[in-house]
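**Q** Take a look at the letters that make up each chain.
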Amino acid sequence: MNSYIKYLLKRVFYMLITLWLIATITFFLMQFLPGTPYSNAEKLSPEQIALLNKQLGLDQPVIVQYGQYLLNLLKGDFGISFQFKNQAVSNLLGGRIGPSMQLGIQAIIFGTFFGTILGMISAMKQNTWVDTTATLIAILGRSIPNFVFAVLLQYIFAIKLQILPIAKWDSFIYTILPTIALAMSPLADSARFIRTEMVEVLHSDYVELARAKGLSRWEIAFRHGLRNSLIPLLTLLGPLAVGLMTGSLVVENIFAIPGIGEQFVKSIMTNDYPTIMAVTILYSAMLIFVIFIVDILYGIVDPRIRVSEGSRG
Amino acid sequence: MENVKKTQAEINQIPASQFEPLEKNTAIEREVISAPSLSFLQDSWRRLKKNKAAVFSSSLLLIVIIISIVTIFFSPHDPTAQNVNYINLPPKIPGIDINGFNGTAMVGGQLVDKYAAANVPDDVYFFLGTDGLGRDLLSRLFMGTRISLLIAFIAAMLDIVFGVTYGLVSGLLGGRVDNVMQRILEVLSGIPNLVVMILMLVVFKPGIFSIVAAMAITNWIPMARIVRAQTMKLKDQEFVLAATTLGEKRSKIAFKHILPNISSVIIVQMMFSIPSAIFFEAFLSFIGLGLKPPTASLGMLLSDGYKTFRFLPYQMWIPAVVLSVIMIGFNLLADGLRDAFDPKMKE
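Order-wise, the sequence lines are chains A and B. Just so you know, we're using the numbering used here here: the first sequence kicks off at 1 and counts up by one. Just so you know, we're using the numbering used here here: the second sequence kicks off at 1 and counts up by one.
In short, the hints are calculated from the structure, not lab data. Just so you know, these numbers come straight off a predicted model, no measurement behind them. Glycine residues also receive a C-beta, built at the ideal position from the N, C-alpha and C atoms. Some hints could be false.
What the hints assert, rightly or not - To give an idea of the chain B side of the interface with chain A (calculated C-beta under 8 Å), a few residues:
1. Ile65
2. Gly190
3. Ile191
4. Ile198
5. Val203
6. Phe286
7. Gly288
8. Leu289
9. Asn331
What the hints assert, rightly or not - Here are the simulated DMTMM-like pairs of lysine to aspartate or glutamate, each with C-alpha atoms no more than 20 Å apart in a straight line:
10. Lys6/A to Glu186/B
11. Lys50/B to Asp131/A
12. Lys52/B to Asp131/A
13. Lys252/B to Asp236/B
14. Lys6/B to Glu20/B
15. Lys10/A to Asp295/A
16. Lys10/A to Asp178/B
17. Lys10/A to Glu186/B
Claimed, not checked - Covered by chain A, per the in silico footprint, the following chain B stretches (three or more residues, Cβ under 8 Å):
18. 277 to 285
19. 305 to 319
The following block holds chain B by itself, in its conformation from the complex (with noise of 0.2 Å):
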C-alpha cells in the first residue's frame, strides 16, 4: 500500500529498469469474456435467484415437502387414531397462554378450560385441537398435505407423460398423423374437463386412483398443444437437419435433440399443473367426491371444517391457509421459473 501513497515527483525517481512492459496481446484480450460462461440452465437459476418471490416462496414449498414427509415418521399423534373423549377439543400449545391458544374456549359467554373439562391429561397437547371424532387437527393437516401434494405430483407426472408424448409425436411427424391428432384435440378440447372429472368420480368410486386418473384424463391437453407447437418451431431447425442428415433416428431426435430443447416450457407448463391439480382435489372433496375417510386431505379437511364452521371457524380456516399458501407459492414459482427461463417474454 505504500506504494500508492508516492507522490509524482517519488515516482519519476524510480529507474527505468524498474519498469518492465507488459506483454502486447491485444487481439486475445478483447475475445477475453470477463464472466463465467454459462449454461442454459446456470444461467436460469442465476436469473431466479434475483426474483424474490421466487426465492421465497421456493424455500417455503421446500419446508412444506419436507415437513410433509418427515411426519410420516414423526407425526404429533396418529392422524386416524378417533377419540370420542376429545372431540372439538381447542388448540393448545405448550408455553403459550393467550385464549385460543391456552386450551380454553367461550362456551355460553364463558371462558372454560375444555381440557379440562374433557379430563385430558396436563402433558397431552394438541397444538392445532381435535376435529368432531377426536382426531389431532396437526397430524391431520400433515397427512393432508402429504396426501394433496402426491396427487398433485403424480397428477402432473401423468400430464406430462401424455402429453409430451402426443405433442412430440404429433409435432415431429407432421402431415396427415399431424391433421388427425390434432382433430381428436379440438374435439376433445372442447370437453369441460369438471364434467369429466366428476362423471369419472361418479361412476369410478373417489380414491386416489381415480382422483389422479380423472385428472390425468382431463388435464394433458394444454400440455399436449405446447408441445407441438414447440415441436413444429424446431424441428426446422438447422441441429435437428444435421441429426437427421447423419441418420439419426427419429425417435432419438426426439428425446435427444428435441426435448432437451423444450424441457424449460414442459417444466413451466407442470408447475402450473401441480396448483391446478391441488385445486381440483380440493373442490372435488367440497363437493362431496373426495377421499374416503379416514385418509385426509387439505380438501377432505376444509369440508369437514365447513361443517362446523359456524361453531369452531379455525377448523376450517387452518386448512384453508395451508392450501392458500400452497397454491400461492407454486403459482408465483411458475411464474419465476417462466420468467427465468425466458427473459424475452418479462416485458
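Excised from the complex, chain A in its bound form (with noise of 0.2 Å):
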C-alpha cells in the first residue's frame, strides 16, 4: 500500500509537471504573436501605450512577465478578455463550464451505456448477422467525423421532422441532438472495447465451468462476462474524455450551445487571445486530472493493478 502511495505521488509530479509545461508553451508561442492587446482601439498617442503597458505589466522583461503570468494562473487570474473588452476571462468561461459539463457526462453515460449494451449483444452472437451489424454501426461511428454527424442530426430531426429543436440551450430536450451527435463516438469506441473484451471472458475457465454449472448464456453474459469488461472499460474512459473535448469544439458550435467550446472558436476566430490561452489551459487541466482520477479508479476496482504498478515505483 505505501508503494502505491508512493507511485501516486509520482503520478501527481508528473502531472503538476505536464501543466506547468503546458502553461509554459501557451505562453511563449503567444509571445510570436503580432498585436498588443489595444492595437484594435483608436489611435493612442506614445505616451498613452507607454502608460498602458506599464499598467499592464507589458513594459517588464519577457521573462518577468512569464513569472506574474505563472503566478496569476495560479490564482486563476487569466487576464482580460480582447474581444469582450473589461471582462475577465475568468468570469467569461465560468458560466460555460455548466452546459459543456452538462452534454459531456450525458454524452459518455449514454455512449458508453449503449456502447456496451451493442458489444455485449455482438459478443454473445459473435460471427452472425447480429455481430456484423453491430461492428458496422461501431465503424460508421468511428469513421464519421461527429460534426458531419451533427448536422446530419439536425438536418433530419429539426429539419425535416421537426420533432426535435434545431439548436439554442434551454430544456433538457434541447441537449438531445448534441448529446446524440457527442455520444457516437464513445459509443463505438465502447462497442468494440467490450466485445473484444467480453469474447476474451467467454472463452476463460471460469465461464467454462459457470455454463457446466448450469448457468443460462445471457446469466453468464451478465454476472461474468459483463463484470470482467467492465473494469478495463474505465481505462477507455480517458481517451473518450479527449475525444469528447475535441467534439464538444465542433457540436457546441453547431447546436449553439453556449459552452466553453463554442466560446474558444469564436476566439479563435476573433484571435482572442487571452481566452484561448485560458481554454487552453482549462482543457489540459481536466483532462490531465480525468486520466488521473481514472487510473486511480482502476487501481481501486482491480487491486492486481495496484500491486504490480506499485511493486514497479
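Take the two lone chains, each set in its own frame, and fit them into one complex as the hints suggest.
**A** Here's what the structure looks like:
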C-alpha cells in the first residue's frame, strides 16, 4: 500500500510538470503573436501606449512577465478578454463550464451504456448478422466525423421531421441532439472494446465452469462476462474524454450551446488570445485530471493493478 | 478414362508384368510440405485477400487515390476559377433527367431551370453544381480529396520518422537513456494534442505546411510507444544476440534486424493515423483554422458547404460523404491489415 501511495505521488508530480509545460508553451507561443491588447483601439499616442504597457506590466522583461503570468494562473486569473473589454476571462468562462460539463457527462453515459449493450450483444452472437450489424455501426461511429453526424441529426430531426429543436440551450429537450452527436464515438469505441473483452472472457475457464454449473447464456453474460469486461472499460474513459473535448468544439458550435467549446472557436475567430490561452490550459488541466482519476479508480476496482504498479514504482 | 470403367474381373486379368511397384520413399514423403511455403508478407497478403471488407476498401481507396492524382491533369473545370454568373448552380449531368440532376431547382415552390436562368451554354455541365463563388464543385472535390490525402500521408510519414526513431533508440539503448526518454514521453503525452494543434495554428497561420507540422508534433507519441515496446520484446531474442556476438553495429541491428521485424506493427499504426489526420484536417477547417482559399481540402469544402447548408444541403453532403467513405475505407483496411499481420489478435 505504501508503494501505491508513492506511485500516486509520482503521478501527481508528472501531472504538475505537464501542466507547467503546457502553461509555458502557451505563454511563449503567444509571445510570437503580433498585436497588443489595444492595437484595435483608436489611435493612441506613444505616451498613452507606454502608460498602458506599464499598467498591464508589458514594459517588464519577458521573463518577469512569465513569472507574473504563472503566479496569476495559480490564482485562477487568466487576464482580460480582448474580445469583450473589461471582462475577466475567468468570468467569461466560468458560466460556460456548466453546459459543457452537462453535455459531456450525458454523452459519456449515453455512449458507454449503449456501446456496452451493443458490444455485449455482438459478443454473444459472435459471427452472426447481429454481430456484423453491430460492428458496422461501430465502424460508422468511428469513421464519420462527429460534426458531420451533428449536422445530419440536425437536418433529419430538426429541419425535416421538426420533432426536436434545431439549436439553443434551454430545457432537456435541447440537449438530446447534441448529446447523441457527441455520444457516437464513445458508443463506437466502447462497443468495440466490450466486444473484444467479452469474447475473451467468454472463452475463459471460469465461464466454462459457470456453463457446466448450468447457468443460462445470458446469466453468464451479465454475471461473469459484463462485470469482468467493465473494469478494463475504465481505461477507455481517458481517451473518450479527449475525444469528447474535440467533439464539443464543433458540436457546441453547430447547436449554438453556450459552452466552453463554442467560446473557444469564437475566440479563435476573433484572435482573443487571453481566452485562447485560458481555454487551452483549462482543457489540458481537465483532461490530465480525468486521466489521473481514472488511474486511481482503476487501482481501486482492480487490486492486481495496484500491486503491479506499486511494485514498479 | 476407359481404365476406370474396368470391372474387378477385368482388372484381375491384367498380367502382373504390367504393374510396376512405386519407389518406396516414406522418409522423404513424410517431410514433404504439400502447400508452397509462404513468406511472412505472402502469408499476410493471403489472409488479407480473404477479408472481404479489407479488399473492398483497399480497392475503393486505390480508385480514390488514382482519381485524385489523375485529376491534376484532367479536371472537368478549373477548381479555383470563379465565375459570378454561375453561382450556386444545381447539379447537371448529361443524359440524366431526374429533378435535382438536370439543372433544375425549386425556387419558391416552383421548378426552375437554373442553367437557363444563368445563361449557361447548353454544352456546359457542372456534374455536382457550383458553389457560392461559381466554382465547379466536382473539380473542387477532386482537388480537396487530393489535398486532404496529401496532408494525411505526409503527416503519417512524419509520425513514422519521429516515432520509429524515438522508439527504436529508446528501446534499444535501454537503461538511463530509455528512462529519461520515457519520462519525457510521459509528460508530453499528457498534453492534449488538439490543444497543441490549435495553438500552433493560431500562432503560425494555417497552410499545408503548418497543419502538417502541427499534426506531426503531437501524433508521433503513440507510434514511439508501440515501437519501443516491440523493440524491447525483440532485442532479447536470439537473432539479435547472434548479431551482437558477430560484432554488428547497434545502428545496423536496429535497421536491419529489428525494424523489418516490427514493420507490420508500424504499418498498422500508420494506417490508423492516416484517417485520424484526415479527420483533424477537416476538423481544423471546420473551426476556421483550415487552409487559405482558393485551395480546397475536404474540410474546407465541408465548412463552406455548412455555411449555406439550410438552402443548398448538397454542397455539404457531397464532401461529407466522400470524407466519410475515405475514413471508413482506411479504418476497415487498417483493421484488415492488423488481423492479417497478426492472426492471433483476432479472436
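**Q** Hint by hint, note whether the structure agrees.
**A** So, going through the hints one by one against the coordinates:
Annotation: interface hint on Ile65/B violated; nearest CB of chain A at approximately 17 Å, more than 8 Å. Nearest Cβ of chain A to the Cβ of Gly190/B: about 4 Å, under the 8 Å cut. The hint holds. About 6 Å separates the beta-carbon of Ile191/B from the nearest beta-carbon of chain A, less than 8 Å, and the hint is met. A hinted interface residue such as Ile198/B counts as satisfied when its beta carbon comes closer than 8 Å to some beta carbon of chain A; here the least separation is about 7 Å, so the hint holds.
Annotation: Val203/B was flagged as interfacial toward chain A, and the flag holds, the nearest CB pair being 5 Å apart, inside 8 Å. The interface hint given for Phe286/B is met, as the beta carbon of that residue sits about 5 Å from the closest beta carbon of chain A, less than 8 Å. Interface restraint check for Gly288/B: the shortest CB-CB distance to chain A comes to about 5 Å, inside 8 Å, so the restraint holds. Proximity of Leu289/B to chain A holds as hinted, the smallest CB-CB distance being about 6 Å (cut-off 8 Å).
For Asn331/B, the shortest C-beta to C-beta distance to chain A is roughly 5 Å, which falls under 8 Å, so the interface hint holds. For the suggested pair Lys6/A and Glu186/B, the alpha carbons sit about 17 Å apart, so the restraint of at most 20 Å is met. Under the criterion of a C-alpha separation no larger than 20 Å, the hint pairing Lys50/B with Asp131/A is consistent with the structure, at around 19 Å. With a CA separation close to 16 Å, the supplied pair Lys52/B and Asp131/A stays within the 20 Å bound.
Among the hinted pairs, Lys252/B with Asp236/B is consistent with the structure: their alpha-carbon atoms are about 16 Å apart, no more than 20 Å. Using a Cα cut-off of 20 Å, the hinted pair Lys6/B and Glu20/B holds, with the two alpha carbons roughly 19 Å apart. Proximity of Lys10/A to Asp295/A is assessed by CA-CA distance (about 13 Å); at most 20 Å being required, the pair is judged to hold. Restraint check: the Cα-Cα separation between Lys10/A and Asp178/B comes to about 18 Å, which is no more than 20 Å; the hinted pair holds.
Taking the CA atoms of Lys10/A and Glu186/B, the gap is near 12 Å; set against the 20 Å cutoff, the hint holds. Counting residues of the region 277 to 285 of chain B whose C-beta lies closer than 8 Å to any C-beta of chain A gives 3; at least three are required, and the coverage claim holds. A count of 5 residues in the region 305 to 319 of chain B with a Cβ less than 8 Å from any Cβ of chain A is obtained; the coverage claim is therefore met, three being the minimum.
In this structure, only the earlier hint numbered 1 is contradicted, and the remaining ones agree with it.
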